[in-house]
Amino acid sequence: MRRDPLARKGLLGRLPQAWRQPLAVSGVVIAVAWLVIAVAAPWLAPHDPLAQELPRLAPPGPDHWFGTDQLGRDILSRVMHGARVSIPLTLALVALSLLIGGLLGACAGYFGRWVDETIMRLADLVFAFPTVILAMVVAAALGASLTNAVLAVLVVAWPAYARVTRGLVLGVREREFVLSGRLLGFSAWRSLRVDVLPNVTGPILVLATLDIGTALLLLSGLSFLGLGAKPPSPEWGAMVSSGVEVFDSWWVATFPGLAILTVVLAFNFLGDTLRDALDPRTARAIKERAL
Amino acid sequence: MEKGAAVTPPRPRRPALPPLARFLIRRVLMAILLAWGVTLVTFVLTNLVPGDPVAANLGQRAMNDPEIVAQWRAEHGLDKPLWEQYGLYLQGLVQGDLGDSQQSHRPVSQDLAEAVPATLELAGAAILISLVLGVAFGVIAALRRDRLSDHLLRLVSLIGISVPTFWLALVAFYVFFYRLQITPGSGRVDPALGAPPPVTGLHTVDALLAGQWDVFGSAAGHLITPALVLALYTIGLLTRFTRSAVLEVLGQDYVRAARAKGLPGRVILFRYVLRSALVPVITVAGLAFGSLLSGTVLVEAIFAWPGIGQYAYKSATTLDLPAVMGVGLVVGVVYLVINLIVDVLYGVIDPRVRLR
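Those sequence lines, one after another, are chains E and U.
Under my numbering, the residue at position 208 of the first sequence is numbered 208, and the numbers go up by one with no gaps.
Under my numbering, the residue at position 335 of the second sequence is numbered 335, and the numbers go up by one with no gaps.
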């Protein structure tokens, strides 16, 4: 038996109860709704998101629910199409930083010594910078584009995964089933893949779910500063930024901002639920009664 | 403390410094090393990438004239090899010279001396607000676990960490300044009143020191909205951490013993629970200060707050290398100092960590 049996049972045994909480349900509903919008935006959206054919700066009304912007584009359609820009990029971003950070952290924890020192000091260095400022410098240096903004966020996002993975790997490295694998002659790679990986994935996935929100905030923040998506693109951060110019027409900035808020909120609900389902310390605390 | 000291065997040879001093020296050395790393990272990042500071600073017509370009490069030391540029930078740094900004044509240190206090005032006010509200909310949520107030506070804290700061800043500016007109607009202080005589650089403190009540009122009024906007994220963060930290302590045996002894709930809460629950909370608050410094970039843009965020943005977009490196250095050092303070506070709050 290579997997830690208790860890698996704990997760599966608790899932149903945790997922019945109202926050969990609304998280799932909102997230699924946004995914549907992202996929079906071309059919759902009432107008072309780029067409400048409507009256300019029309307030929200029965014809266009979210109003129109200064170029006569339908904001509802743009917000819907924005989901196709932001959500896939954010997911890819989190997946990439999980891969890079997780791999580096696993190496640091498993091999120890200079590998550990090098990787973790590098992570410390990134941590010593406030994320937005570092990402801003990277994005500005690479040139403003959405891809470069993703790269910039990647630079600041991986260390969190490296730290957590390293800590988890340190925790299982000396366990009997890992040691016995090593004694049987497993290579470092096989040992990591077969014995260590299954026991650290749960917490890292929770971290990733919670991180989706942070990544989207950072990415749209860079676009807001003009370091991400280019103007015609219906990216939410850039749309809020264009709302600054037409301050009077509150709807231009309000709706894309609400889109960001709801997506981030949904994934934070999900991440919270996953963590409650997983974290034994929280589970223990729930059993105890307060003052 | 005394008991622990008696148990530790006397160290041979080095009858050295007290533990706190040794700890501080080690941390300061680490901080200097990290600060140097910060300059190296910024330098490498801003030099090994395609962006060209010449193109960012000179107009298109000047760019077409190779003579002007060469002159500009020589003027800013960009014609020398990279390692020499970095060496010169470090040499100046040791003497407190951060170079000249290519944008403002002033020493970077002078620019920073104006921008840093503005940001510290904003971030300081935000962290104070979030510590007070976050810890209070977290304790209430933990004590009233699974009741309505707990669920409401959980929702509020989740919203707090999910709101895009730049959007919230815009909404707050629109609602409170533009619509309701209950807060003053952008900037740090009413220009008609002017800034108070500089002592600390924090307008609110300086105004109080000078006894200028009208200036203080104006500065505080300008400060409150951006600080609240900035604080919302950290309030959410601290509420969540305080709640789980308090819950964990509540389950400990010594708390149960105190309750069995019949101590009043208030005593248990403040003397037993909060004291150990505050340790993880302070760690998070230290980390949160970093995210506050990040948030200022976005908030300062909306409120026209002349702080380090605006300066960083301006210098990053124009690839003003000395300025970017100065910002990186200052921000990195501020962050390290905050972490140092956090580590020292640990010892003050929790004697168990003092001897480590």
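Calculated from the structure, these hints are not laboratory results.
Model, not experiment: these values are computed from the prediction.
Be careful, since some hints might not be right.
[As the list claims (entries may be wrong)] Partial list, derived from the structure: chain E residues whose beta carbon lies under 7 Å from chain U:
1. I133
2. L179
3. G181
4. L183
5. L184
6. G185
7. G221
8. I260
9. L265
We treat Cβ as the ideally placed atom computed from N, Cα and C, and that holds for glycine.
A quick look at each hint next to the structure:
1. Because the beta carbon of I133(E) sits about 5 Å from the nearest beta carbon in chain U, less than 7 Å, this interface hint is met.
2. Because the smallest distance between the Cβ of L179(E) and any Cβ of chain U comes to about 29 Å, over 7 Å, the interface hint for this residue is violated.
3. Among the interface hints, the one on G181(E) is violated; its C-beta lies about 34 Å from the nearest C-beta in chain U, farther than the 7 Å criterion.
4. Nearest Cβ of chain U to the Cβ of L183(E): about 34 Å, over the 7 Å cut. The hint is violated.
5. About 38 Å separates the beta-carbon of L184(E) from the nearest beta-carbon of chain U, more than 7 Å, and the hint is not met.
6. Given the 7 Å rule on beta carbons, the hint for G185(E) is violated: about 39 Å separates it from the nearest Cβ of chain U.
7. A least Cβ separation of about 6 Å between G221(E) and chain U falls short of the 7 Å threshold, and the interface hint therefore holds.
8. For I260(E), the shortest C-beta to C-beta distance to chain U is roughly 5 Å, which falls under 7 Å, so the interface hint holds.
9. The beta carbon of L265(E) comes within 4 Å of a beta carbon in chain U, closer than 7 Å, and the hint placing it at the interface holds.
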